[in-house]
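Chain residues, written in single-letter form:
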Amino acid sequence: MFEYDFMINAFSASGIVAVVSGIVGYFLVVRGQTFAGHALSHIGFAGATGAGLIGLSPLWGLVGFTVVAGLGMGLLGERLSGRDVAIGVVLSLALGFGLLFLHYYTSFATQATAVLFGNVLAVDHPTIVILACLSAMILLALSILMRPLLFASLQPELAEAKGVLLRCISMAFLAVVGLAVAACAQIVGVLMVFTLMVGPPAAAQRVVTGLWNGLALAAILALAYVWLGLTVAFYTDWPVSFCIALLSGCGYLLSLAAPRQQIRVEGVMQEAHEL
Amino acid sequence: MNAAEFDGVTIRIGGRSVLSNVSLSVGDGEFIGVLGPNGAGKTTLMRTLLGLIRPSSGTVRVLGKSPVRGNPEIGYLPQVRTLMPALGMRGLDFIASSVKGERWGLPITTRADRRAIEQTLTAVGATALADRPLSDMSGGERQRLLLAQALLGSPRLLLLDEPLISLDPRHQEAVIGLVRQFCRDRGITVLFSAHELNQLLGALDRVLYLGRGQAVLGSIDEVVTAPVLSRLYGADINVVRADGHIFVMSRGRDVERHDHQHDEHAHEYHQHASHASSVPPDVPYRSA
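As they're listed, the protein sequences go chains A and B. Per our numbering, residue 1 is the first one in the first sequence, and the count goes up by one each step. Per our numbering, residue 1 is the first one in the second sequence, and the count goes up by one each step.
Just chain B, with the same shape it has in the complex (with noise of 0.2 Å):
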């Protein structure tokens, strides 16, 4: 059985349409990592599988089901745009406020969950961000305190929007090669967005490039060439391959960095303003 299933599915925001005609299928247990420019639907595609996002024509699947809010077997990771409120709140006490969050009532945590939850901390090896104050930690830290959350409750489908954003380097590899390997323990397939594809080299089993309402499925070898980029930018573009590294090349200009500094004016939908790297632009860095 497929995690997520596109067929013939168009999806129109406000006149617009984000995605036209998109047919895809992710087998189960893969990493896919999901690229395109700014506003090329990354967000919209996993909001159509989380049932917030109805497309106008074709059918979605997910998990062999139709999408529903609130489906359990989806974990998901949003592009954190809603600045964390400065509580002094302890980063176990974070989690629980989402554990059945949806339900009414009193937010009482019973040990089952607490029990729960430290062990996905410790899987992630988090532990000791359990008592510790969100207004303590670093960007890192709450970026792996989040990705704990999305893993709590056995998800079978992850979906991560821009974990990366606001991390430095270092911690993004971390991020990276955390997902990787939880989730090829436990056979859950990822979506994971982000600006650059060098990070993910190393982690995906293939990528979905999207841009101009398109969507092309494929392995690096398979999508990342250059009419391919060309048809889905619009634009000249040029893939030159270095060193074990990939670089969008337009007229001379690396796209995914110019985007990714860039970013604060593009929206997606239901995206608020969103930051640009922690990289400066004068620092050029590529990891592996």
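This is chain A alone, in the form it adopts within the complex (with noise of 0.2 Å):
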């Protein structure tokens, strides 16, 4: 299959975007932010059916909203914590709105299966080089928010104390998961960015105990979804999306049969017991 230039484009573009997809989700899942994740993808469609409207390129107006929503919803932090409701009327709003965009401009019909469900065998290499840079650059700001976003994540009140600004780490986190949601977006859509950003990392974390192991493995599983499922659709001819989405829900499933790792020592016990 590595004869077509489409399929090693595919391979390059999914998988410069499912690594990164997998590390950012990982956090994503930690902080228990997925449903705002989910929103952020569906924020994307108005602004990718919008800057169609208007002339611009899709990914440039998926990449915009998703940031200042992103950023937005950061701002709002514990307001809009828990909200469910609240943000589920504004992804169903930006839904409706995106639907407008496309009734105005008709032509873009075509694309707007491509946005919704992706469509990685159409990436072409000018697009390569924009994923490769946006991925780039997602790395380096996590790599820098990391440390405080972890502590944030994971003792919020302690962190404040200790001088952390909470709302700045969940903006600029934010923020980040909106670029990552809009590279998603070109490879599994953007009604499936769950795929990638939420499956691997939420089977990594069952798996495994500790952050750097966690993070790795949800970035090799995301990796071995999109792989696999483009391989599977090449010789199945089933869309791409399904494919990767299949593996993603059997590879949640499967780590939800398997246990929790667990480090059990005898003694370790006997004394915990006495505490």
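One or more of the hints may lead you astray.
Unchecked claim - What follows is a list of derived Cβ distance ranges for each label pair:
hint, chain 1, residue 1, chain 2, residue 2, range
1, A, Gly88, B, Arg12, 34 to 40 Å
2, A, Arg167, B, Gly244, 44 to 50 Å
3, B, Gly70, A, Gly77, 50 to 56 Å
4, A, Thr231, B, Arg115, 27 to 33 Å
5, A, Cys168, B, Asp236, 47 to 53 Å
Said to hold, decoys possible - Beyond 10 Å from chain A on every Cβ pair, some chain B residues (computed):
hint, residue
6, Ser17
7, Thr59
8, Met89
9, Arg90
10, Pro107
11, Thr110
12, Asp113
13, Gln119
14, Thr120
15, Gly187
16, Val216
17, Ala235
Simulated from the structure, these hints should not be mistaken for laboratory data. Glycine included, C-beta positions come from ideal geometry on N, C-alpha and C.
Both chains are sitting in their own frames, so use the hints and assemble them into the complex.
This is how it looks when you write it as structure tokens:
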């Protein structure tokens, strides 16, 4: 299958995006903000179709909307956390606007499916370059942010007392998530970013302990899903996004069946019991 | 030098004055039990010392300086309301995430950090928790882990906000004994907030009672009296002493127990739904 340029492009683009999605998604899962990530992708849909309407590239519309929406969600912070209803309302409103923009820009309609469900087989070389740059930015930002982000995610009250600016961290992180969502939507579409951003880290977290192991496994799983998905799609002619979603779903179900890794030592339990 | 000083301090949060014109000073190395009804300002007092809340008037000094966020000389155990993520994270990694956690960059634990954490865990008798995942620990073990975390970096002042909540009586006594011993040996000043006075009787040097914007600091005999507590609670309070225990009663009911069991609806500032005692209401429990 590598005799086709479009397959090589698809493998490169999806590989880059998968690794980044797995890593960013890991923190999304740790912070319990997966639904916010989902909402960001829907807001991105309005951005993509809106950009199409005024003649801009859908990718930049997507990036612009998700990053701004991420900053906004971070700013609202605690007032928004756990507000599933508020996020849900904004999410469907954004989809509604996306539909309106589509309505007035009918020639964009064929691309709408690509935005919603992804079209990795149509990724061209310039897009790969853009995705690589986005991914580099995401990883750079995350590597600067990671230490206070982890602290603020695990123990917000203590982190605040130790001088971590919770709101700034939250805004910066959700902006990074916005970038990742935009990149991820190029592969699996805005409706299915969960398959790469939540499925792999959620499974990884159940199987291994420790931050670095979790991050590594999340990235590896995401990479495995997209490359296997592409291969399966190539030989079966099923849609790529379906194959990736299927693998991601199966991976998560399997991780549920696996017992959570626990380090149990005789005597440790004994002593612990005495505490 | 005093560990903590309040001079004519008034703190208003959302238009309500939580503390009004409070003056007190806590000496170096003292173990202070912080008590009072819900919403009396126990958490607010600690957050003020941490530099998270600015008084609207008056001056606060902590260890001789103005309160500043991120003061490394203060160890803090927040009233844990954020449910710890059910991670398979090991105890040592969990604590490590808080070490210099306010700095930018990757969360890399140095060998020196690791050694310091292990030493502190050993000091509180929790060596075994280093390698166990959080999901595997009991409430008492997690609290011990958090205590070790608060003691890390040799603080001179320790702020413990309701460290006994959701622990069973046996673990409560263990935590109190541990803090008492550790801090006395090292001359660390402790502010220990709790719902129940009796458990702390053997450990505390002085008691700080908060209520209706006021604060009274003194010995048990000075503070835990009918007139003082009636003023702080704004109700007729009787103090009954029996068999080495002190019962604070209002119209025949024990107000501390009453508080304790109904604190889900009362909120102190910035404190999420708190949960009550693990002792069922129909089982009277008193520790010596």
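Hints violated by the structure (listed by number, smallest first): 3, 4, 8, 9, 10
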